[in-house]
Amino acid sequence: MATPPSYPFSPPERLDLDPRYARLRREEPLVRVRLPYGEPVWLATRHADVRTVLGDARFSRAVAAGRDEPRNTERRQDNGILGMDPPEHTRLRRLVAKAFTARRVEQLRGQTRATAHELVDGLLAAGPPADLVAHVATPLPIRVICDLLGVPVTDQDKFHTWSEAIVSTTSLSGEQVQRYLDNLFGYMTGLIEQRRREPADDLLTAMVQARDADADRLTEDEVIQLAAGLLAAGHETTVTQIPNFVYVLLTAEQGWARLCADPGLVPSAVEELMRYVPLGATAGFARYALEDVELGGVLVRAGEPVLVSIASANRDETVFTEPDTLDLARAVNPHLGFGHGAHHCVGAQLARMELQVVLETLLERTPGLRLAVPESELTWKSGLLVRGLTALPVSW
Amino acid sequence: MGENGWRVRVDGSLCIGAGICASTAPSHFALDDGLSQPLAERIQPDEAVRDAADSCPMEAITVFDVVTGVQVAPEP
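Chain order of the listed sequences is A and B. Each residue of the first sequence is one higher than the one before, counting from 1274 in my numbering. Each residue of the second sequence is one higher than the one before, counting from 432 in my numbering.
None of these hints come from the bench; they were simulated from the model. Quick reminder that beta carbons are idealized off the backbone N, C-alpha and C, glycines included. Errors might be hidden in some of the hints.
[Claimed, not checked] Estimated spans, in silico, between C-beta atoms of each pair:
| hint | chain 1 | residue 1 | chain 2 | residue 2 | range |
| --- | --- | --- | --- | --- | --- |
| 1 | A | A1473 | B | N435 | 36 to 46 angstroms |
| 2 | B | E478 | A | D1341 | 32 to 42 angstroms |
| 3 | A | R1638 | B | N435 | 51 to 61 angstroms |
| 4 | B | S444 | A | F1282 | 37 to 47 angstroms |
| 5 | B | R440 | A | E1650 | 50 to 60 angstroms |
| 6 | B | G500 | A | G1447 | 49 to 59 angstroms |
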C-alpha cells in the first residue's frame, strides 16, 4: 500500500483553502493521510462525516492517550479536557459551562462594547495608519476573559506570551512549550490559592468553591489545568479571528461596504465569516473509532483514528449554496467553525458576542476603514495551529 | 414507567445544533435536521440528561420532575 500523503497538503497560504478539498469531497471523502508525527489517520472532508466524527459517541478522544496519536509536534501534550470523553469530560465541562451560556454572555455585552470603544479611541489616536492587531484585536478578548475569570489584566504580557504554547506547532521548541505551560500552570496555581483565601465574584472563585465543596469529584490539578486552558484558549482564537474577519471584509467583494450599508447584517456576517475563514492551519485531536463505523463510503475499523477538516466541511456544496462565496446575509448556515459535539467550543457564545461588538464598533467609528498597505505586504504568522496576521495596518 | 420520573424538553427556537447533548447523552438526544430532539419526553432519572441540560450553551433543554413539577436542570 502506498504511503499516505502528508497533511496538511500544502503550507497555509493566507486564508486560502487548498483546492484538493473540493476534489476529495467529491471523489474520496475519507482519505488516508499522515501528520508530521504519529500513526497514519483517516481525514474526513464532508460536512456530514465531520459532524459524525465530532458528535457521535462511537468516536473517542480518550483512546488517543494510549496510542501514537497523529500530531503536529514531536512531543505529546496532555490535552486535559480535550482528551476526555463523556461522562468524564462532562464532569469538568459542567464546572464552567454555565458561565458561558448565551444568557450569561449577554450580560457582558455592555461592558465589552465600552471596552471596544475605548480601544478604538486608542487606535484613532495612534493613526492613521495604526495596527488593528495591537490596538484592538489583541487587548479586547484578553480583557473580556480576564474579567470573566478574575485574572488581573495587568499580567497580560506574561500569560499572553505563555499562551502561545497551546497553539504552537513549530513556532516554539519542545522545551519552550514545556516552560511556557509550566509558567502558565504555576501562575494559575497562585491565583487559585489567592481566590481560596479571598473569594471574589468571578469564575475562578466559583471553580475553587466547586472543587472545595466536592473534592472527590475534582482534583486541584484539574481545576488549574481547566482554568489555564480557558485563559489561553479563551483569547488566542478570538485575538486571531478579529483581524482575519476584518481582512476578509476589507478585501472581499461585498464585504466592508455592504456591512456599512446594512450594519444589521453583523450577526449573520459573523456566522458567515466563521464559516468562510479557515482558521485552522492543520488538523489535530483525532477521534478513535470505538467500533466499526461506515463513514464516507469507507468502513472505519474499530481502533482507527479519524481527523476532520472543518474548513472543508464549511465549504461543502451539498450543505451551503455557492460555498466559496462570502454571503454576509446567508440565511442557512450550519457551519462547524466552533466544532461540534461534546467538545463544541465552550466559549462560542462569548466569541460570537465579541466578534459582533468589534465589527459594530468599527463600522460606527471607522466606516472608511481600509488596508493601509498593499495586501501583498501583510505578514502572516506561521508555525501555529491557527492562521492569522502578525499585524493589520489600517487607515480610515 | 409509572407516574414518577423526569420530563425532558428541547426548545427548538433556542437550539443551535451544537450537538453537545447528543454526544453527552446519546441515548436521550439525537439531532434531527441539525437540531436536537429528545428521544423520549418521559424518562427515568439519568445523570447524563442533567449533564446535557447543564452543558447546553443556549439553555434550550429543560428537565422537570414529573411528580413535583420542580425544574431539575439546568441549574439556575
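For this session: State the violated hints by number, sorted upward, taking the hints as numbered earlier in the document.
Result: none
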